[in-house]
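Residue numbers (our numbering), protein chains in the order written: chain A, 1 to 81; chain B, 1 to 296.
Be a bit skeptical, because a hint or two may be false.
To be verified - The list that follows gives simulated cross-link-like pairs (lysine-lysine, BS3-like), each with its CA atoms no further than 27 Å apart:
hint	chain 1	residue 1	chain 2	residue 2
1	A	K76	B	K42
2	B	K64	A	K33
3	A	K33	B	K18
4	A	K53	B	K252
5	A	K30	B	K19
6	A	K17	B	K32
7	A	K53	B	K32
8	B	K238	A	K76
9	B	K32	A	K33
10	B	K238	B	K252
11	B	K32	B	K44
12	A	K53	B	K238
13	A	K53	B	K19
14	B	K42	B	K31
Derived by calculation from the structure, the hints in this document are not laboratory data. Keep in mind the model is a prediction, meaning the values are calculated, not measured.
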Amino acid sequence: MRLLEQILKEAGADALKSVTFVPGECCYLKSVKSVNVCTPSVISVTAGKREIKVEGEGLRVDRYFEGDLFVRGDVKGVRVG
Amino acid sequence: MADLTYISVVSPSETALKKLSGADIAVYGCKKRGAEFIFGVKDKDIQKVFAIFKKPCYNIRTEKKSVRGRFLSALALRAGAAFGALAFAVAAYAAGFFVLRIEVTGSGHYLAPLVKEIVEAEGAGIGKPFSALNAPVAAGRILSLPGVVFCDLKKQGSVLVVDVEAESGAESGAVMGPLKADRSGVVSNIVAICGVPAVAVGTAVKKGDILIEAKCAVGENFMPCLAVGYAELECSQKAEYFVEDDSEESIKRAYASLLLGDDGIIEARHSLREAEGGFSVVMEIKYLHRISINLT
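Bound conformation, chain B alone (with noise of 0.2 Å):
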């Protein structure tokens, strides 16, 4: 049955019926109520309904509204409220486009405040739409942290969520703290991949000074993170070695005890000095000492 609206009116029944059948009114569900007689018209009808039987005799009054008709008019006497509601509607479909957190998840959730801090500088920041954000980017840039070896970032609601998965073990593997000096030293390079560097290129650092900072900026602050990257010091050595001769390869086999390894000797002194049996060459080195963290 459509939805209809209830009129009743002061009549008999063939007169009513009689004057709504002349102006082509469709009515349905005729009654009888003593000595009003009621029916239900379709909305568009009613205003012509009241104009038929505009006589006071009728009495005519309504019934009952139709469903769209009481909720209109709840609507008009509850407006404030339909517009905070449509407000809310309006305010949660839009919120979905703007990123209202990050959050980091998977194997490699140990990483996140790196995370957050290159999805924030590849555009979705806090507060951020989503489009503004460079995924392609941001998941490459996440995949060449250490140990990472998957990331998607999807969004979810207002969450923008990262997954990271990391090599098991790479957490346990990972050197959790600031990248100290190993020896004395003059700052000749300097690299930070993820924290703050703490030295500048040239200062002089002792065994246990901090080279790179455990931290990184998120916003105006600093958060926690994996400090990867590497310094280069300019180191000075002095050494002495017996030799049983001043030859060639005696001064070799002096400088290969100095066990350098694989770092580079930038100036070379060396003198002899004749010593009981042989002779002692003194060394005085400068070399090029590397240390690094969290880099494979």
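So that you can see chain A by itself, here it is in the shape it has in the complex (with noise of 0.2 Å):
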């Protein structure tokens, strides 16, 4: 996770504001200041200024704290509009 932040940090990216996920099985997220919308086949949320879909099937919120929000299911893309 630190050589993550580094390569993110020498990039010039924000590692605040990154979404990591692993097809198939789960989404991270930071900065989440809201959840819009949550159902098992679309997790809406906005991060920023940016509202961020994860979409799949399955989809639910196992934890969900000080802004870090955990999605796990069948993750089948991350859509930032």
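Got two chains here, separate frames each, mind docking them using the hints?
Here's what the structure looks like:
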């Protein structure tokens, strides 16, 4: 994880605004301001000024604490809009 | 967006979302309002949500019902009005199957009482179903009325509209009023196609007596209408005619002088009387005189 943060830092990206997902397994979002929609097929959140949609099947919120959202389920994709 | 019911719970959004997500309940439009977490769910999940947050610490309540929920609640509170509206709708729909009024339109509207009588006789009276009307027979009878060239029966809501077109001038050519005897006699035959016979066969009538009245029965009342029909009167006549001789030719001339026209002689008797320069043929005849009204 430190290596990942270092790479992102060198690339000029902000690690606090990152999205990490494992297709078919899970998805981890940071700096989530609010959850807009939470259904087994779509979970839509507002992170910063963007809306991020996690799409898949059987999605559920496993952990949500202090802006960190961990989603389990068959994650098929993440859409940033 | 689906028709949603919005619910608020006093809970951190993380806890609420985890519980809801774990129960596979889809939530929409989530937001925080102070200590309350507000979210929208479909109507089918409401009971599940209330079951999940059943502890009093959650202080769960319905913020805003879905459109369907609000409609059903309002309907339940106004059951009488809803029933009345439904009964009215059913009555309005059912009324369309019954005749509530008969209207005669077109240039033949002056035949309205006759047309209504025919239509009622063929099944379509006030309060009766449209299906009871024998339209082809009614149209045929209306077309047989004097001057009528076109007839159409149609249903408009609860009104039976009969469109009757008559020949131009038919109304002005029609004789309005009863059939009156134009001479004295005994009624031997009377046929009233429209109108009411005022005398029976065998009745002695004088000149001016009404034979067919210009009215027709509509239900229990009589309405003015066009009198159509004819009557045959058995009349007697005595006449004298001067002839120069008593030949058969002279007798024929004497009878011809009566000018009976189309009237047929039933009985004829004559006698000869001598007169200055010839003979006087005294004739006593009985003949059948036919008079009609509004018949061609």
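Going through the hints against the structure:
1. K76/A / K42/B: holds, 25 Å
2. K64/B / K33/A: Given that 27 Å is the threshold and the Cα spacing comes to 24 Å, the pair holds.
3. K33/A / K18/B: Cα-Cα ~16 Å, so holds.
4. K53/A / K252/B: Roughly 122 Å between the alpha carbons, so the hint for K53/A and K252/B is violated.
5. K30/A / K19/B: holds, 20 Å
6. K17/A / K32/B: Roughly 22 Å between the alpha carbons, so the hint for K17/A and K32/B holds.
7. K53/A / K32/B: Holds, because 19 Å separates the two Cα atoms, which is no more than 27 Å.
8. K238/B / K76/A: At roughly 123 Å apart (the allowed maximum being 27 Å), K76/A and K238/B break the hint.
9. K32/B / K33/A: Judged against 27 Å, a Cα distance of about 10 Å means the pair holds.
10. K238/B / K252/B: It holds: about 16 Å lies between the C-alpha atoms, which stays within 27 Å.
11. K32/B / K44/B: holds, 23 Å
12. K53/A / K238/B: violated, 120 Å
13. K53/A / K19/B: Status holds; Cα separation ~20 Å.
14. K42/B / K31/B: With Cα atoms ~16 Å apart, K42/B and K31/B stay inside 27 Å; holds.
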